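*Asks:* Chains as they are written, first to last, in the working numbering: chain A, 2 to 269; chain B, 98 to 475; chain C, 21 to 316.
In case anyone wonders, no lab produced these hints; they're calculated from the structure.
One should not assume that every hint holds.
Straight-line C-alpha distance at most 30 Å; calculated DSS-like pairs for lysine-lysine [what the hints assert, rightly or not]: (1) C:K141 to C:K288; (2) B:K236 to B:K252; (3) C:K141 to B:K252; (4) C:K141 to B:K236.
Computed from a predicted model, the values in this text were never measured in an experiment.
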Amino acid sequence: MSEPTTASAEAEASTEPDFLTASDLHAGYGQARVLQGLDFSVARGEVCAILGPNGAGKTTTLRALCGMVRGRGSVTLDGTQLLGRSPEQAARLGVAHVPEGRGTFNELTVEENLRIGAHLRTAHWRRGRAERAAVAADLERIYGYFPKLRQRSRQAAGSLSGGEQQMLAIGRALMLRPSLLLLDEPSLGLAPLVTRELFEIVRAVNEEERTTVIVVEQNAQLALDIAHRAHVLEAGRLVLSGPADRIREDGQVAEVYLGVSVRTGTGG
Amino acid sequence: MSTIVATLATDRARRPRAALTALLAVAVAVGAPFYFAPFQVFQLTMVLVYAVALAGLNLLVGFGGQISLGHGAFFAAGAYTAAVMLDRYDTGHLATLPVAAAGCFLLGLGFGVPALRLRGLYLALVTLSFAVFLPPLLKRLEPVTGGSMGLTVDKLQPPAWSGLAEDQWMYFVALTVAAVALLLARNLLRSRAGRALLAVRDNESAAEVMGVRLSLHKTLAFAWSALFAGVSGCVYTWVIGYVSPDSFSFVLSITLLAGLVVGGLASLYGPLLGAAFVMYVPSWAQDISDAAPGVVFGLLIIVVMFVAPTGLAGLVGRLRSLAARRPTRTTPAPDRTPESAPDTDATSASESSAPPTPADPAPADAEPVGAPPRTEKE
Amino acid sequence: MSTVTELLQQVVEGVGSGAVYASLALALVLIHRFTGIVNFAQGELAMISTYVAWQLVASGMSFWLALPVTLAVSFAGGMLIERLVIRPVQNAPELTMVIVTVGLFIFVNAMAGLIWSFTVKDFPQPFPDGGIDLAGVRVDWSTLGIIAVVAVVMGLLYLLFQHTSVGLVMRAVACNPASARLSGIRVGRVLMLGWGLAATVGAVSGVLVAPLLFLEPNMMGGVLIYAFAAATLGGFDSPVGAVVGGLLVGVAETLAGAYVDVIGADLKVGVPLVTILAVLLVRPQGLFGRAAVERA
Numbered sequence: 002m003s004e005p006t007t008a009s010a011e012a013e014a015s016t017e018p019d020f021l022t023a024s025d026l027h028a029g030y031g032q033a034r035v036l037q038g039l040d041f042s043v044a045r046g047e048v049c050a051i052l053g054p055n056g057a058g059k060t061t062t063l064r065a066l067c068g069m070v071r072g073r074g075s076v077t078l079d080g081t082q083l084l085g086r087s088p089e090q091a092a093r094l095g096v097a098h099v100p101e102g103r104g105t106f107n108e109l110t111v112e113e114n115l116r117i118g119a120h121l122r123t124a125h126w127r128r129g130r131a132e133r134a135a136v137a138a139d140l141e142r143i144y145g146y147f148p149k150l151r152q153r154s155r156q157a158a159g160s161l162s163g164g165e166q167q168m169l170a171i172g173r174a175l176m177l178r179p180s181l182l183l184l185d186e187p188s189l190g191l192a193p194l195v196t197r198e199l200f201e202i203v204r205a206v207n208e209e210e211r212t213t214v215i216v217v218e219q220n221a222q223l224a225l226d227i228a229h230r231a232h233v234l235e236a237g238r239l240v241l242s243g244p245a246d247r248i249r250e251d252g253q254v255a256e257v258y259l260g261v262s263v264r265t266g267t268g269g
Numbered sequence: 098m099s100t101i102v103a104t105l106a107t108d109r110a111r112r113p114r115a116a117l118t119a120l121l122a123v124a125v126a127v128g129a130p131f132y133f134a135p136f137q138v139f140q141l142t143m144v145l146v147y148a149v150a151l152a153g154l155n156l157l158v159g160f161g162g163q164i165s166l167g168h169g170a171f172f173a174a175g176a177y178t179a180a181v182m183l184d185r186y187d188t189g190h191l192a193t194l195p196v197a198a199a200g201c202f203l204l205g206l207g208f209g210v211p212a213l214r215l216r217g218l219y220l221a222l223v224t225l226s227f228a229v230f231l232p233p234l235l236k237r238l239e240p241v242t243g244g245s246m247g248l249t250v251d252k253l254q255p256p257a258w259s260g261l262a263e264d265q266w267m268y269f270v271a272l273t274v275a276a277v278a279l280l281l282a283r284n285l286l287r288s289r290a291g292r293a294l295l296a297v298r299d300n301e302s303a304a305e306v307m308g309v310r311l312s313l314h315k316t317l318a319f320a321w322s323a324l325f326a327g328v329s330g331c332v333y334t335w336v337i338g339y340v341s342p343d344s345f346s347f348v349l350s351i352t353l354l355a356g357l358v359v360g361g362l363a364s365l366y367g368p369l370l371g372a373a374f375v376m377y378v379p380s381w382a383q384d385i386s387d388a389a390p391g392v393v394f395g396l397l398i399i400v401v402m403f404v405a406p407t408g409l410a411g412l413v414g415r416l417r418s419l420a421a422r423r424p425t426r427t428t429p430a431p432d433r434t435p436e437s438a439p440d441t442d443a444t445s446a447s448e449s450s451a452p453p454t455p456a457d458p459a460p461a462d463a464e465p466v467g468a469p470p471r472t473e474k475e
Numbered sequence: 021m022s023t024v025t026e027l028l029q030q031v032v033e034g035v036g037s038g039a040v041y042a043s044l045a046l047a048l049v050l051i052h053r054f055t056g057i058v059n060f061a062q063g064e065l066a067m068i069s070t071y072v073a074w075q076l077v078a079s080g081m082s083f084w085l086a087l088p089v090t091l092a093v094s095f096a097g098g099m100l101i102e103r104l105v106i107r108p109v110q111n112a113p114e115l116t117m118v119i120v121t122v123g124l125f126i127f128v129n130a131m132a133g134l135i136w137s138f139t140v141k142d143f144p145q146p147f148p149d150g151g152i153d154l155a156g157v158r159v160d161w162s163t164l165g166i167i168a169v170v171a172v173v174m175g176l177l178y179l180l181f182q183h184t185s186v187g188l189v190m191r192a193v194a195c196n197p198a199s200a201r202l203s204g205i206r207v208g209r210v211l212m213l214g215w216g217l218a219a220t221v222g223a224v225s226g227v228l229v230a231p232l233l234f235l236e237p238n239m240m241g242g243v244l245i246y247a248f249a250a251a252t253l254g255g256f257d258s259p260v261g262a263v264v265g266g267l268l269v270g271v272a273e274t275l276a277g278a279y280v281d282v283i284g285a286d287l288k289v290g291v292p293l294v295t296i297l298a299v300l301l302v303r304p305q306g307l308f309g310r311a312a313v314e315r316a
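Looking at chain A on its own, in the form it has when it is part of the complex (with noise of 0.2 Å):
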């Protein structure tokens, strides 16, 4: 729960130790082995795009830092090694993830799905009490970001249109307080203009929360514009890593690597 109070985090970025770093991380479903050894790392408190075509690696890259697969090598979060580390284990030391698909409890209300977010927080039967005003806080907090749940709060989660269950999922996520958010293809199946939202928020997220966010998205110039640095796969490597402004700026290498220009891509 604590949170850097170092100022502008982002302009130390360079010269501080790295958040999260990933070195020689292989994974994969059985005998399908997806990733290759991929090194790379992430700055506290930065956005970070992870880009790729289809089937490059990039969800299961997510996957295996929460713990949703098993990967080989090494991932360290604030020095401590995320690898081998179960979903709810990886979830106690801060990391929030909002998978494909969203993941939302479709039969609790929209609240309860918040409050689910919360659960470590107040599990604990003796801090859990203190930290019961901290979470009705949060929830509150949550609702000035996303104001539609507010309005939706006692519905089920079920009931909602995509791009609200998106901005639950992610709302729930939140509600852990999370070092580090985990965001898998946010922008799936949701119309241009909610999804250009959706960035937005992540975006204001980011920036007064200082939470360290990793975005995998198909739509490289969403990701882009709000991502400080980005990571490109292909086929379970990386194979361009950079600034954000850079690898956007380099059109002919995004269009290389992501299959689209990025200078025409949707949105906007």
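Knowing the structure of chain A, use the given hints to seat chains B and C on it.
*Replies:* Here is chains B and C on its own, set in the frame of chain A:
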């Protein structure tokens, strides 16, 4: 290199050896009734009778991936069909077989159509309810079924030309029926319908995409398996000469499933082993206590599901393949929830190859379990 | 006695037995929601719990003290079974899990026979004899007692699930275990809790029905079939449906036995079979189930 040569050598040696094994098995099967005492021959006959029912159940559970907890009821239906025909119409034994088979097939269709439109679990519920309902129904239909007293009918008698004793003749009849049933089960699985069935078991949605009509094939599999149970019940009546509602309580259904699981799901020879279990374990364990057969069966089922989901037959196959090549570790199965299904981003192709059935099922055309293990020469 | 009072009399009896079915059906639905399977051993677990209660009472404990002890033992037993028997096959195909519960059914049944023998035992009737007269309809204290106990259990479950954080976590796990895990919930513990709860609710049905049926290892076999019908009728994913389904099946059974001559007392056990088949043909998701029934 040497392994390749060895493999080639065993492949070449395989056919004659398999033929030899088959010949040996036939010799043992034919010789048995002349070697054993009449009571033991009777027990072997019952093993063969149960094996027919289990072969049918295996079509459904082992290959179709569905559960029936009411096969004892189809067994009873077949048994009563034979008994009533013999008792009231004096039709002769042979005529009862096709009627019992057809009747149970239709009964299976009747229950399968509603039960198999949906998830497999409903078939288990429907069949169990049927198994519980049948005994009181048989008691009620007293004018036809003889009520609680049951019916006593003539056993199968050996024809004069054979020169065989009653127990020997019945053994050979049961052997013939069992052999035909096992061969039929094998051919059913190799037919178009059988391959569709396996496809359904291994990946239902993929099979559906490929145009396999799920509910039709599942229902047909169920009807076929009911037919096998009916035939088995019919031969039971020929052998025992007596039927009563209490012989066919739902415990029989549970015991049949237990026998099959222990003998080996999805193996062609599992039913034979399972039938031996159904026949011998209760009679041995009963000496200890009334409850002992249940304790043994219950524990065995759970243990088998934990360590060898393909039962005894599969275990032999697995041990053999373990010895032959490097062990294939079963990868941890993915969670059942959509989020953790394999990455759509990366491995949607690999998903369809993961069978949702007990790991490492014995190949459909596995060798007889009784066959001596092939030795690999290095 | 007029035909109307007689009908009402039968309905009251039906509600009494329906409450027992509802309780076991609720246990089945709980397991189905948490584990995704039908637990064929549910009735046998209730039977074992009833033997525990019997043993306690036989050793001199008062019934109303033995009941909470029995429920606590059942809760622990249910958790233990999840951990030891179900967890190892949790990621296996549904078929494997269901077969394991069938194995458990056989094993538990036989163990009860081994420990307590197969001879029937008289289970003490916890409620006083006699009853009250409501406009000519006689309601036994025992019937009222059964209905009251089941109602209290339902009420407690409702409070647990809707108004406590543990209940919220349990609903979240039942709804989406993978997401629950991502929120830091220890799903394994919650599943143990679910099985413990189900065993407790099932135990209530066993203890309530035992004075009427006589206690023996096969006591719950018949009740289980009715509970299946109740859960199918109400919808396998709906706790409310289980209760309503249980009451309906209980009333249907009593009325069929009393008014349909062909059925009579001996063929009443056909009622669940007909119920299940009818529901599957007409409304397969059940009265309260979600429209989209899984096709697995």
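*Asks:* All the hints need checking, so say for each whether the structure fits it.
*Replies:* Quick rundown of the hints versus the structure:
For the proposed pair K141 (chain C) and K288 (chain C), the alpha carbon gap of about 24 Å is at most 30 Å, so the pair holds. Note on K236 (chain B) and K252 (chain B): the hinted pairing holds, with a Cα-Cα distance of about 22 Å set against a maximum of 30 Å. Between K141 (chain C) and K252 (chain B), the direct Cα distance comes to roughly 41 Å. Violation of the 30 Å bound is thereby established for this hinted pair. With a C-alpha separation of about 26 Å, the suggested pair K141 (chain C) and K236 (chain B) falls inside the 30 Å cut-off, and the hint holds.
The structure is inconsistent with hint 3 alone, although it conforms to all the rest.
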